[in-house]
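A.B. asks: One line per chain: the protein sequences are E and V, in this order. Take the first sequence: its letters are residues 68 to 326, numbered as in my numbering. Take the second sequence: its letters are residues 68 to 326, numbered as in my numbering.
Simulated from the structure, these hints should not be mistaken for lab results. Because the structure is a prediction, the values reported are computed rather than measured. Where is the CB? At the ideal position from N, CA and C, for every residue including glycine. Certain hints may be false.
Here are some, though not all, of the chain E residues that point toward chain V, as calculated from beta-carbon distances under 7 Å [as the list claims (entries may be wrong)]:
id : residue
1  : Arg102
2  : Lys104
3  : Val111
4  : Met162
5  : Arg166
6  : Gln167
7  : Leu224
8  : Phe232
9  : Ala233
10 : Arg236
11 : His238
12 : Ala245
13 : Gly248
14 : Ala249
Straight line, CA to CA, 20 Å or less: simulated SDA-like cross-link-like pairs of lysine to any residue [said to hold, decoys possible]:
id : chain 1 : residue 1 : chain 2 : residue 2
15 : E       : Lys104    : V       : Thr294
16 : V       : Lys211    : V       : Ile76
17 : V       : Lys322    : V       : Met303
18 : E       : Lys104    : E       : His120
19 : E       : Lys104    : V       : Ala221
20 : E       : Lys104    : V       : Ile76
21 : V       : Lys104    : E       : Phe244
22 : V       : Lys322    : V       : Ala245
23 : V       : Lys104    : V       : Leu148
24 : V       : Lys104    : E       : Ala245
25 : V       : Lys74     : V       : Arg92
26 : E       : Lys104    : V       : Thr86
27 : E       : Lys104    : V       : Ala245
28 : E       : Lys322    : E       : His206
29 : V       : Lys104    : E       : Lys104
Protein chains: 2
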Amino acid sequence: MDLAEIKVINTQVQNWLATAVNELRQNLDEQLQVRTKSGRNDLVTNFDKGTEHFLVEQIHHAFPEDQIVSEEGFGDRVQSLQGRVWFVDPIDGTMNFVRQRDDFAMMIALYEDGQNVLGYILDVMQDELLWGGPSVGLHVNQQKITGPANQPLAAGLLGVNGPMFALNREHVRDIAFASSGARIIGSAGLEFQRVIRGRQVGYISHLAPWDVAAGKILAETAGLSVTTIDGHPLNMLESQVVLVITRRALPEVQKIRQS
Amino acid sequence: MDLAEIKVINTQVQNWLATAVNELRQNLDEQLQVRTKSGRNDLVTNFDKGTEHFLVEQIHHAFPEDQIVSEEGFGDRVQSLQGRVWFVDPIDGTMNFVRQRDDFAMMIALYEDGQNVLGYILDVMQDELLWGGPSVGLHVNQQKITGPANQPLAAGLLGVNGPMFALNREHVRDIAFASSGARIIGSAGLEFQRVIRGRQVGYISHLAPWDVAAGKILAETAGLSVTTIDGHPLNMLESQVVLVITRRALPEVQKIRQS
């Protein structure tokens with residue numbers, strides 16, 4: 068795709084997100100229907116489903132050739148990253164949405180032949196859209212921003228997955244103790260946003276494709292490293308333990324994991 | 068003190084906080100001078116000191132008979148809770164202030180003969196002042212609010228101290244795993260605020276008197292339980308492990324600790 072085409076798509080996506088978020092905000096006081104999925108802390112609500120249905124419909128209508136990977140089942144059974152593939156997470160941080168009505172995000176990402184094109188993380192309650200990609204740069208709402216300083220591990224806070232931190236899985240506790248401190252927010256999108264904005268030096272969690280797709284594009288555009296915890300490239304069709312971190316802290320993390 | 072006197076004091080305190088927060092916001096881009104105190108992750112800045120100095124001066128000037136317990140040393144050497152005792156934390160969450168310029172609070176509390184009078188937690192970047200006490204009720208900025216629903220442990224998120232959670236000190240990991248999930252924000256005041264607003268079912272951390280003084284008044288006004296982790300009344304002149312939680316979840320926590 069050339070830049071002109073990417074800009075047209077960007078305008079469309081921002082319009083869809085604005086419509087979806089207005090709809091969500093207007094109905095926030097409506098009856099919330101909460102169901103569990105894989106376990107008591109894996110939730111889905113009528114709002115997740117309604118928002119995903121809306122966004123998937125817009126994409127399918129505008130780009131019928133494209134494939135969509137999404138959380139709640141309205142997307143396609145995507146087997147390959149060939150061509151254009153979208154990733155939709157209607158409410159990232161559903162537990163926060165249910166318990167707090169805050170600290171959740173809407174996320175959309177677009178890849179072409181497996182390459183980063185556009186990523187969107189919308190902090191719904193703060194009304195703050197972090198968006199961009201390699202050809203358009205990084206933006207918060209209408210403002211262009213630059214990537215974070217290249218801090219060492221000890222000079223920054225580390226976002227972590229709670230159980231991985233508590234049980235020291237993949238050395239996450241050891242890594243966090245070498246940072247300025249652990250933080251647990253409960254939304255992968257908002258954790259990525261904090262790393263990209265320089266509020267955290269990194270973030271480690273076990274994530275599904277829709278949890279990481281937008282964050283990866285934005286973080287790499289910001290000059291950050293995004294890999295599996297072992298340092299391998301992500302497989303965008305599988306769940307995996309993801310490490311997003313400054314380039315300076317990356318070898319420090321690898322050293323802790325090998326010790 | 069009668070209600071009229073408490074209301075006069077409340078107006079004064081809100082004016083001091085407004086002045087202090089304006090001063091802080093206007094100078095946020097100034098040179099930050101950061102020093103470590105007890106260890107590499109125990110920080111103090113020129114902003115902590117300047118804000119505390121200002122607030123302590125206002126209190127001493129307005130109420131020369133009163134005593135002040137404060138974090139950075141401008142207060143008094145308080146040995147007793149007799150009479151009126153103020154607690155001042157100029158920047159609660161100094162690590163967040165330094166690393167994120169967000170998620171920190173200014174806190175003031177007033178006790179008389181050890182009894183709750185007035186508490187203030189000001190979320191500086193959200194410009195949200197949670198304030199109140201037993202005789203004036205609970206408020207967010209100009210709006211009166213009610214306390215949270217009396218949720219069981221499994222129905223809410225639990226704010227935790229990172230190392231206590233990771234190392235299962237005082238069974239904090241076991242307790243968090245029985246909740247909807249752990250969250251780590253890094254500011255005691257903002258954790259108390261989340262419990263009081265119903266965003267979290269509880270919060271557990273090792274806290275100094277200035278970390279807990281305002282939160283205790285507000286949480287008890289909201290109908291929450293505030294004790295040591297062992298269920299004892301707090302000693303407001305010592306550091307201790309503090310548990311703030313709904314009355315319904317309190318016996319669940321005690322049961323987990325005894326098992």
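A.B. asks: Could you tell me which of the numbered hints above are not met by this structure, giving the numbers in increasing order?
C.D. replies: Hints 1, 2, 3, 10, 11, 12, 15, 17, 20, 23, 25, 26, 28, 29 not satisfied by this model.
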